[in-house]
Structure formats: C-alpha cells, structure tokens
Amino acid sequence: MRFWDILLMSLSSLWKRRIRTILTVLGVVIGTASIVVMISLGLGLKRASLEEMEKYGSLKSIIVSEKDSYESDEEEGGRANKQTLVHLDDSVLESLRGIEHVEYVYPELEAEVMLLAGGYTCYTSVRGVPTKDMELIGLELAQGGLPEPGDTQLKFVYGNSVIGEFYNEKTGHGYWFDGTMAPVDLMNDPMICIFDAEKYYNFIWGNADESGNVAMPKKYMINAAGVMAGKVEDYNSNSNLIYCDLDLLKALLKKEFRGKAIPGQPTTISGKPTKEIYYTNLVVGVDDMKNVQNVQAQISQLGYSAESNAEWVESMQGQSNYIQLALGGIGAISLLVAAIGIANTMMMSIYERTKEIGIMKVLGCDMRNIQGMFLMEAGHIGLLGGLIGVALSYGLSFAINHFLGVSQMGIDLEGASSISYIPFWLSALSVAFSVAVGMAAGFFPSLRAMRLSPLAAIRNE
Amino acid sequence: MATTPVISVRDLYKIYRVGDSRVRALDGVGFDVQKGEFCSIVGTSGSGKSTLLNMLAGLEKPTKGKIVIAGEHMEKKNENQLVAFRRKHIGFIFQSFNLMPSMNALENVALPLTFQGVSRKKRLEMAREVLTLVGLEHHMNHKPTQMSGGQQQRVGIARALVVQPEIIFADEPTGNLDSRTSAEVMELIRRIINEQNQTLVMVTHDDHLAGFADRIFRISDGRIVDIRVTGNAKKDLTRKQH
Ligand SMILES: Nc1ncnc2c1ncn2[C@@H]1O[C@H](COP(=O)(O)OP(=O)(O)OP(=O)(O)O)[C@@H](O)[C@H]1O
Ligand SMILES: [Mg+2]
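Protein sequences appear in the order of chains B and U. Following our numbering, the numbering of the first sequence begins with 1 at its first residue and continues without gaps. Following our numbering, the numbering of the second sequence begins with 462 at its first residue and continues without gaps.
To be clear, the hints were calculated from the coordinates, so they are not data collected in a lab. Do not rely on the hints blindly, as some may be mistaken.
Claimed, not checked - Derived DSSO-like pairs: lysine-lysine, alpha-carbon spacing no greater than 30 Å straight-line:
#1 LYS582(U) / LYS355(B)
#2 LYS16(B) / LYS132(B)
#3 LYS549(U) / LYS260(B)
#4 LYS355(B) / LYS583(U)
#5 LYS16(B) / LYS496(U)
#6 LYS16(B) / LYS155(B)
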C-alpha cells in the first residue's frame, strides 16, 4: 500500500469522527500547552537569574587562596604539611600566569581596618590591589577616581555600602540599626584609620600587652581617592570593601606590626610572624566562561584553594533545571491524561471498525498497513494537539509577560523583561513530543487492530 | 487436458472445541477444482459449508489436512502470508456485501487495488471498467446507502473481480437478496465466469441457485456426500472428474 493512501485513509477516518477527534485533540492541546508554559516559566527564571549573575561581572574570574591548613592536615597526615603548605607570593602568581586560557593574574592583600570620623566608627576590610591592575576589577565610581600610579600616600576607594557600616560611638546605633546615616563625607572628611584593632581595644579597656605597655596604636590619616557608585543597600561583591594600592598597604602593615603577627597572615609553627607578607588571594582572569572550570581544576591540582562563580552559576543552573523539571513534570501529568484519552479514542474507533478492519484483511490489506493507519491516526491527533497547543502557549506566554508585569512579581529584573520565555527548540520539541506521545498511546490499540480476525467481516452482525 | 487443479483439498479436518465437547465441522474433505470452473457447495445449515470456504480462503486454519491453491500450501502460511496471498490471488464476495459505507461504488471497487499499491489514476480506471462490466456504469458515484441490495452486491462482485484473481470465493452471495434479484445476480455471475474464464467457489443452501454452477458439492455433517455435474459444465471439465 502506498504511504499516501495510508495517510489519506487515516485522515478520512479522523474526519469521519471529527467531534471525537476534536475532543481528543483538545486534551492534547491542554497537555502540550501546560508543559510548554511550565517549562517556559522555568526558562524565563533561568535566563533572568543568569542575567542577574552577569551583573556581577566576575563570572570569568577565579579567586585563588591558600589551602586551609586543616584540610591539608587531614590529607597529608599532619607531618608533611609544613612543607607542602604554599603561601601566595609572586612566584605563585607567575606560575598561574603560565596556565593556558589565563588572561591576567593580580594579587590581593586584605587587612582589617577601623575607621574613625567625628564620633562615628566603622570596622571593615581594606583590600590592596596593585594600582596598575585596578582597572581589571571593573569598579564603577560615583566620586573621585582610582589611585594614580606613583602615589606616595595610601588612598582609599570606598565601597558604596561602607558608609552604612559607621555607627555612633556613644549610642552604638548605625544605619543598619535604625536607618540613620552617619553624617560622614567619605570623599572629603579626614579619615582616621587604625590597623591594629587589638591594641586599640587594649588601650580603651586598659589591658597591658606582652611588654606591659598600654599604648594607643598609631592613627593614620588617609584621604579618599574615590567612592563607588550605588546606594547603600545595593550589594555586590565589592560594595563592603575599601580598595587601595597593594604596595603602599604592605609597607604600612609592615611598619605597623613590626615584630608581631599581622591578623590574617600566616605564621610559623611557633606563632611568630613570617618574614614576608603574603597575598591573601590571587585573582585569575580566564578568557572564556567555559574554560573557568578547567583552569580552576588545574589550580586546585597545584595545591591551592580555587573558587569561582562558575560553580555558583552551575549550581544555580542545576537548581533551575530542577525547578524546570518539576514544572515540566506538572505539565506532563495533563499530557499523560491526554495520552489516555488518545488510547481510549483509538480503542473506541477500533471497536467500531472491527468489521471494516476484517473486510480490509479479507481483501488483502497488509497487517502492517492496518497498524500504520491507526498509528498515523493517533500520531495526527498528537500532531494537531501539539501544534495548537504550542500556538496557545505562545498566546499564554504573551499574556503572562504582558499582564503579570515584572513589577508585580516583585523581582527586580532589569533587562530581563519576560517571565515566560519559549525558545524555538522548545516549541519544536514539544510538537515532536506530543506526536510521539500520540503514537505511543496508539501503539497498543494499533496492535489490536492489526491482530483482529478477518472472520469478523464474514459474520453477520 | 492435464492441467493442475487451481484448488486441491485433501483430508481436510476442522474440529472446534466448545467446552468439553468437540464439533467436527469438517470431517475428512477432499476434492479438486479446475481453472474456469464454477462450483457450488450446498448443504443444510450447520453442515460445514462456511467453514470449508473460510479455510479455502485462508481466513481460518485447518485442524488437519492439505489445501493447495494456485500451487501454494495454505495450511503452511502464517497470517501475514495469508493476507498477502489473498491480496494477489483471491477475490471474495460477501453475503452482506460489506462495502465501505463512506466510499462510493467506484472507490469501493478500487479498494483492493489500493492494498496492492496501484496508483489512484490506474485503479479508478480499472474499477470503472469492471463496474461497467457488472452494469453499474451509471452508479459509480453512489454510496452504498444510495443503492439497492442487488446493486450493492454487483459492486461487491466488481470488487472481487477487479484484481483479476486466480479464484473467487462467495459465501451465500445472494443470501440477503429476494429471489428475483438473486436470480439476476446469479445470471450475472454465470455470464462473467464464462466470459472471463474465472474460477468461482460459491456456498449456498438454495438448490435452484446452486444449479447455476458447473458442479455441485453436497455437504452433510462435514463430509462431501455427493458431487453432481450439471448441464452447464463444459465437456473438457466433465471428463476429468473422478
Ligand atoms: N468458531 C466456532 N466455534 C465452534 N463451533 C463452530 C464455530 N464455527 C462453526 N462452528 C460449528 O461448525 C459447524 C459448521 O458451521 P458452518 O458455519 O460451517 O455451517 P454452515 O454450513 O455454513 O451453516 P449455514 O448454512 O447456517 O451458514 C456448526 O455446527 C457450527 O456450530
Ligand atoms: Mg454459513
């Protein structure tokens, strides 16, 4: 039998029972539309979260730090770790530069700092980065500029949230406590900085240090170079930090903590400070997001702790894949119901046509052709339902994006204007899927039709 | 003339099991049918006529015995092969016409050609030709519901003829028609058999209609009890009987 004839026969049979066909198709329409809309919501969510993450701009960089000594203790059995524990210095920096796909490496040195300004105090971190590499961080400034090469004085670039950290020395209240902003002008007010906070508190509380002295630590007057753009509440990875030149910071720390261990710096076994000041982190910039994991693995292999947003992105994406799967699963239930509807319709059709099928078999219609006819019928129900369902989904998706506006969802999705998003592959895949579901549902009925006895045609009803 | 018979049946048994009892629907049947011969099978109700015909047409499996049609052993074929065999070699005329209600006369006649994979143009042309032969040139576009019983059965006959089968089977082809129409249809069948040298095996319980055939097999309780050659038979066929 010719393919075209099988097709025409199955179509004419659908047409003959068009009311039932329409009802069955309707089930598939609802099933397909619910899957597509559910998945489109998941996809919209995923896209929005990726756009949100991209705002942080650092999806292509890896933060390298020293491996936690506890970790290596366990791994190495405690004895060998003194040698294997490698601190971050310029030679490490150079070796990381040699890794393939690495575009740049710059060091970071972090220290704690206390800021005092007109009765207000703030306790935060200062991060030194070589002035020449500061452009790479991608800071957006509202006031001032970055430190200039050749500066001889340490200058601070304040994060936009730092101002919120100031609290009144007497009341202890600050912005995060009661919403009153400290009257401090970071850009222009003279800022008194204390790096040795321990000594400061010892002085305040009157405790003597090892040498029996109760002395005020040195106060440094440090000017601002700039302030980052953004409101106090606008969080990003830099908003709580103060940036400054690394070499100047290093020199200052060396002077300030002469003969003492610097907080956050490695010490020798006996607790004595090491000779050198090591970097807190090395920031490795990779040429492409897809190479991040690979480079990260290589760095970990070298014995450092390496972290990147690639993991975060991946876990976020994994999470949204789960959400999507769950949403798709909910939609799939209605398609399953529709599939049962198809199977039912096909069974009915076969019961009604028992005699007709018998006649065809007596007249020599190939059994596989009979099966083909019924499979095609079921497949067409799936196809029609799938096509209309996808069309309906586009309509629903439009309605969702249009009427359930972004603002109503309470998420701030700048640029990501759609909650529901149907890519072409999704619509193509779901049409194919509903055809497959239709044919699967029609498979057992079609087997039954194929196996019906030709004698049904002979017997008089 | 030493032609091999179109149908050759030997030692054919069909035993149905109904609960604990066994029904011997066919109880050792054997006969030959020559090319161009018109045989009718008569017998009382329940004697096994339909069972015999169904087995000849490959619609049922024999319990035991040999059926050779057009040189092929029917009892050795599986269902798929039987369908394929019917498609190529066998025409079938039903008692209740069994036309497809949604198709007109022309499409109904062309249906078996569709199963053979003949192109639409060619099969409609062939169907038109055969419908003219059975005298329905003015009813080609009529649906079954728009035709009388006699006309419907003529469409049924045309449908059996259109594939130019080796052999045609008919189970009480006039069973649903009144006696005058029955006679007309039988005359038509007889004329076509003669003109086209077709082979036909027909089941009937009407002795008068059986008389249109060349030979009459009488069946009783699953056995052939009598074979009678009528005056219609051509001489060369008569001579060959045993
Ligand atoms: N499927 C079956 N199962 C059990 N017994 C059957 C079956 N088909 C036929 N028989 C029995 O076989 C015997 C022959 O039946 P068959 O239909 O061949 O009779 P027939 O000669 O065609 O009768 P009629 O003239 O009434 O059509 C009957 O006794 C019938 O009861
Ligand atoms: Mg019968």
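Exercise. Can you list which hints this structure breaks, lowest number first?
Worked result: 2, 3, 5 and 6
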